[in-house]
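Peer 1: The primary structure of each chain is shown beneath.
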Amino acid sequence: MHLGIEHYLILSAVMFCIGLYGALAKRNAIVILMCIEIMLNAVNIAMIAFSRYVVPDMVLLTGHVFAVFVMAVAAAEAAVGLAIIINIYRSRQSVDVEQVDMLKW
Amino acid sequence: MITEIAFWVIAVLLIGSALAVVLLKDIFKAALFLILCFFTVAALYITLNADFLAAVQVLVYIGAIGILLMFAIMLTRELSRGSPFNKLSLPALVVAGLVLVMIVVIVVSTDWGSLQVASQGVQMAIDEPTTGYIAEALFDKNNGFVLPFEIASVLLLAALIGAIVLVRGKEKE
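Chains as they are written, first to last, in this note's numbering: chain V, 5 to 109; chain P, -12 to 160.
Treat the hints as calculated values from the structure; they're not laboratory data.
Just so you know, these numbers come straight off a predicted model, no measurement behind them.
It is possible that some hints are incorrect.
[As the list claims (entries may be wrong)] No more than 25 Å apart at the CA atoms, straight line, and that leaves these computed lysine to any residue pairs for SDA-like:
#	chain 1	residue 1	chain 2	residue 2
1	P	LYS128	P	ILE138
2	P	LYS12	V	MET43
3	P	LYS12	V	ASP105
4	P	LYS16	V	ALA87
5	P	LYS74	V	ARG96
6	P	LYS128	V	MET43
7	P	LYS16	V	LYS108
8	V	LYS108	P	ALA79
9	P	LYS74	V	ASP105
For reference, chain V alone in the conformation it holds in the complex (with noise of 0.2 Å):
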């Protein structure tokens, strides 16, 4: 079976949607901020099938530049992140998202 566009992006979607599914539906904000790295790199992949397969030239690898970009946000979105989560686990003893209601009213 010949292997084209469509299986990367199904499966990024798939990827993608687990990625949903457990960033919506965990407690614990660690595992929150884990499904969101897989939700990025499902997107990731999309991006790099993209450019593969929609732009084939070599001199247009503008998707692979975004991928680029993608993994610096991601980097610097889990360090503040967990920074962020290690700050509340000190104040709260915790890290589950149910109990983190300080800006609720």
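Model the placement of chain P on the given structure of chain V, informed by the hints.
Peer 2: Frame of chain V, contents of chain P only:
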């Protein structure tokens, strides 16, 4: 042929490890499966001729984010509580399923052949390294990404400082 076999093996591993991250009760095991997931994504990049991004995936995601997650799990001592689902897990499943159905329908009904950009002469070779081409696309004088690149470095610096300030805690008077 090899690429097809590799793709299907990687797809099964990828979906299995992503499901394990979401469904496992033990956070530490979930983090290990997340690292397996990152590795299989790097392998998938290789089937897409993206060798540079596969290396960056291993370095940044496994080397940096994976270790950071491990440290966060160790520092928060939440292992005993596991990773339970919240009250909205059924609606979340419905939403994720609907998004998946929508994307799959759109992907299947789109005619990708007609979208393909006409080749300008430099065809993608199977085993040609992409690093130099990514650098050219990133730093091209006319339509490059120099300003976003600089902003990304400022963002990383801001994230670095922010993370240090947040984790350092209160100053003692």
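Peer 1: Could you run down the list of hints and mark each one as holding or not?
Peer 2: Status of the hints after comparison with the structure:
Proximity of LYS128/P to ILE138/P is assessed by CA-CA distance (about 17 Å); at most 25 Å being required, the pair is judged to hold. For the proposed pair LYS12/P and MET43/V, the alpha carbon gap of about 20 Å is at most 25 Å, so the pair holds. For the suggested pair LYS12/P and ASP105/V, the alpha carbons sit about 24 Å apart, so the restraint of at most 25 Å is met. For the proposed pair LYS16/P and ALA87/V, the alpha carbon gap of about 21 Å is at most 25 Å, so the pair holds.
Straight-line distance between C-alpha atoms of LYS74/P and ARG96/V comes to about 21 Å, which keeps the hinted pair within the 25 Å bound. For the given pair, LYS128/P sits about 32 Å from MET43/V by alpha-carbon distance, which is inconsistent with the 25 Å threshold. This hinted pair does not check out: LYS16/P and LYS108/V have alpha carbons roughly 33 Å apart, beyond 25 Å. At most 25 Å may separate the alpha-carbon atoms for a hinted pair to count; LYS108/V and ALA79/P meet this at roughly 22 Å.
Taking the CA atoms of LYS74/P and ASP105/V, the gap is near 16 Å; set against the 25 Å cutoff, the hint holds.
Taken one by one, the earlier hints fail for this structure at numbers 6 and 7, listed in ascending order.
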